[in-house]
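Chain by chain, the residues run as shown.
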Amino acid sequence: MNKVFTWMAWIGVPLSVIGSVFHWSALLMFVIYCLTIIALASYMGCATESLAIVAGPRVGGLLNATFGNAVELIISIFALKAGLVEVVLASLTGSVLGNLLLVAGLSFFVGGLKYKRQEFNVYDARHNAGLLTFAILVAFVIPEVFTMDMSDQDKLALSVGISIIMIILYLAALYFRLVTHRGVYQQKSEIIEKHEKPEWTKGKSILILALATIAVAYISERLVHTFETVAESFGWSELFIGIIIVAIVGNAAEHASAVIMAYKNKMNVAVEIAVGSTLQIAMFVAPVLVLVSLLFPEKMPLVFSLPELIAMVVSVLLTIVLSNDGDTNWFEGATLLAAYTIMGIGFYLL
Amino acid sequence: MNKVFTWMAWIGVPLSVIGSVFHWSALLMFVIYCLTIIALASYMGCATESLAIVAGPRVGGLLNATFGNAVELIISIFALKAGLVEVVLASLTGSVLGNLLLVAGLSFFVGGLKYKRQEFNVYDARHNAGLLTFAILVAFVIPEVFTMDMSDQDKLALSVGISIIMIILYLAALYFRLVTHRGVYQQKSEIIEKHEKPEWTKGKSILILALATIAVAYISERLVHTFETVAESFGWSELFIGIIIVAIVGNAAEHASAVIMAYKNKMNVAVEIAVGSTLQIAMFVAPVLVLVSLLFPEKMPLVFSLPELIAMVVSVLLTIVLSNDGDTNWFEGATLLAAYTIMGIGFYLL
Amino acid sequence: MNKVFTWMAWIGVPLSVIGSVFHWSALLMFVIYCLTIIALASYMGCATESLAIVAGPRVGGLLNATFGNAVELIISIFALKAGLVEVVLASLTGSVLGNLLLVAGLSFFVGGLKYKRQEFNVYDARHNAGLLTFAILVAFVIPEVFTMDMSDQDKLALSVGISIIMIILYLAALYFRLVTHRGVYQQKSEIIEKHEKPEWTKGKSILILALATIAVAYISERLVHTFETVAESFGWSELFIGIIIVAIVGNAAEHASAVIMAYKNKMNVAVEIAVGSTLQIAMFVAPVLVLVSLLFPEKMPLVFSLPELIAMVVSVLLTIVLSNDGDTNWFEGATLLAAYTIMGIGFYLL
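Here the protein sequences line up with chains H, R and L, keeping their order. In terms of my numbering, the first sequence opens at residue 1 and continues consecutively. In terms of my numbering, the second sequence opens at residue 1001 and continues consecutively. In terms of my numbering, the third sequence opens at residue 2001 and continues consecutively.
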């Protein structure tokens, strides 16, 4: 665990409680909540990692695949409970764009400043390309186009149907990678390198995971209620907060480690974090949120706004074209960052 | 010839005649017509195959490329004659989706249950990817976007122009594969394996082809008139009948043989059936139908509904991304089947 | 320098002056202007080439990258000054389509008539594919979708922001190719072959470049004022003139040399001209024109009409799919030409 995050968590949690009891200004609390969640997310990531190592590759893969975006899931559930459907869709979009363009872009760029060419497993890249195409170009695009003239009820029926299929395919993808085709597409060099030691014991990991999850839930519930005030103060739309802020808060720790891995020339790991996290958001978090929203008065159909959808679609196409050759350099990173900046400006002006 | 199909044909044709003379219920007749056409299509496929072997690879390739979807062509012509332009466009869509997602998906999945990895000729895959992109992403997308504010006359002019270009390019593709570049992109192992014997003699094949074609024409004319009743009875839209039912009936025999080939690890043949059939539908059957429709009062412009077009576009993109590496496994099959299911739900709710 | 172009220039320039003084018919002048500009463009290309050889690969690459489409830039600036924003957007579209489909298509086709398979550097192809995706699918698509409900001011702000990012990334791409990664992705055979002699000395090249630029500017200013009359006479829309005529006039000399290179089996050079020129138009000329338009009363946002945008998007996808394997043949050329014809008919009927 990084010391900075440890301190941030130990200071942030009490401050969050005190601030919400004494009604400190929404803007200040927004900042405190965000920083505390970043720190707690880092704790949860570390605990999941330790558990995954103890549990072995199969169960560990499953743990990573379900808890990897737990923070984002928790924030989104409280946002859904507060009826902020648009913010949730926006933060899903923001996570997809952030992972595919910002995280991968920074990784390629920073890694590329040190190494002329960096390689990653092209089989994984193609496997992921297929899933990205399925998730974004099929499962997100189809409801957008088909629900144009649909009743709200059919819209929801289609969304639920697609969500269930996505979750099944996501589980099938895990089964494929962890069971039937484990190592089939791996390069020899990759198979050996894994002899990590868990940072924490099993019991400590579970305890930390449980406590951090409770704290994140507590803070998330309060965080979503500051959005309106923050949006007004800065002249931002709630959409912009969802797309840029929530997405970054939910993924900050992950982002940092991807860039560090790229700098260490472990481009496979960096790509896995960036694209793997995108797939988890699109194929697991998003459909789970659709199903969870059925419990609340305000349902969430799987229908993004057109700018959100198109931004995700072109990001996926750009990622596939750039990662097709299993080779990265600083310029590919710059291209992804330029695309992210363009979309950032676009969403800001929207 | 499969015995089941032989029996279905010998029972189905007389039943079709008797039923239509005695005005049996439309629902019953719909089922009889569909099953009989499936059986007759299998006869026609077998006869074409025999003729193709006798005629040698060049003329044989041409025969397969023109008669391969004869049944679908015949049904569609009678549907056009009956003024069911939307149903024809829907059944073209259904054939494209069915071949790219259902047939290829089942082939990859079933083959993948037996073999960990299956390979096919990556040159053919890329050649086909180019044609799919041309046919669906250019020739189908352009009229959709350009005709938005066009007069009906210009709409038809554009459709006819595109149709003529598509047919010319389709013939050029045959010339490329059968004459100028025969074997240029083939792997050595593939060249040897073909020493098939025709099932029927030349004369018998031609006779069967002629008789089956007449029977299919007779039944198709009656089939299209049952659509309305069937749609009402089941609460389906005519669109749904076109997309799911007609597409399956027209291609059932073909579908079965693709899956069998995949199970025998002849993935090249399976892919060739699935993608080759798609190309034939998109680049030959569709434009021919546009031109044929000029003879009828109700003309058919090459303008699909937006859901149909987008469904085809994303299917092509998914196929290209998945087949880009010349390697399949059960999970790629599952992905295609999941996409087909999503679209099926979408069209059902539309 | 080709003799024909020399004669055309020496006759065309005086005729252009005389004709405009004596008010010859707009139609006649349109033809004279076009032919003269084609000849002058050839002069400018030759002078840039000579300067580039003298200056060495780095500065030379920069010269080619900025002066390569100088003629188109000059015509467009005068068209912007005359308030013809739609014509400028159309001619940008026309250049992109012309280079990607017509020039590459003719090169592949003509080269393929002589050689069964022609190869080009697949690394360059992929690098270019990434840039094409960024320029067209991200930087052109995003403003289209995001500005739908935007005020004119925000529309322009977004366009200016994107334009600046595009120019920076274009310069970064030059830096990547000419400095940090020069030769990294090149095949050995390519590195040796360049020992060209400049046709003209440095002084002569600069003089010719200066004089030709002035002449092109003089004629362009007059050319754009003939558009309206020509459009009326032939029943063409100004859009069609922009897309087909201006694009061909601005690039004719370049087009010819690409096809000649393909015929000499130098497919690398042919592809570089076609795709390199497209990238220059999309990532340098287009954003520079957006910024230049700020000086004129009529501003140009980076928002194409939907048919223009979709035509460019599908052309890029087709190019990427076809060039993905680093291998061309006559049929791939025919496919590109067929796509160009379809779009030509579409824009004519629009």
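Please note: incorrect hints may appear among the correct ones.
[Stated by the list, open to error] Now the in silico label distances, taken between C-beta atoms and shown as ranges:
1) H/L306 with R/R1058: 46 to 52 angstroms
2) L/S2233 with R/D1152: 26 to 32 angstroms
3) L/L2171 with H/D149: 45 to 51 angstroms
[Unchecked claim] Reference excerpt, derived from the structure (chain R facing chain L, CB under 7 angstroms, subset only):
4) I1053
5) P1057
6) R1126
7) F1146
8) L1156
9) V1160
10) D1327
11) G1344
12) I1345
Treat the hints as calculated values from the structure; they're not laboratory data. Beta carbons are placed, not taken as given, at the ideal position from N, Cα and C, and that holds for glycine.
Do the hints match the structure? See the list:
1. H/L306 with R/R1058: 46 to 52 angstroms: holds, 49 angstroms
2. L/S2233 with R/D1152: 26 to 32 angstroms: Holds - the Cβ-Cβ distance for L/S2233 and R/D1152, about 27 angstroms, lies within 26 to 32 angstroms.
3. L/L2171 with H/D149: 45 to 51 angstroms: Because 46 angstroms falls inside the window, the suggested range holds.
4. I1053: violated, 26 angstroms
5. P1057: violated, 18 angstroms
6. R1126: Since chain L brings a Cβ to about 5 angstroms from R/R1126, closer than 7 angstroms, the hint holds.
7. F1146: This hint holds: R/F1146 lies near chain L, its Cβ roughly 4 angstroms from the closest one there, short of 7 angstroms.
8. L1156: violated, 10 angstroms
9. V1160: violated, 10 angstroms
10. D1327: Cβ of R/D1327 sits 15 angstroms from chain L, so the hint is violated.
11. G1344: At about 26 angstroms, which exceeds the 7 angstroms cut-off, the nearest Cβ of chain L leaves the hint on R/G1344 violated.
12. I1345: Violated - the Cβ of R/I1345 stays beyond 7 angstroms from chain L, reaching only about 26 angstroms at its closest.
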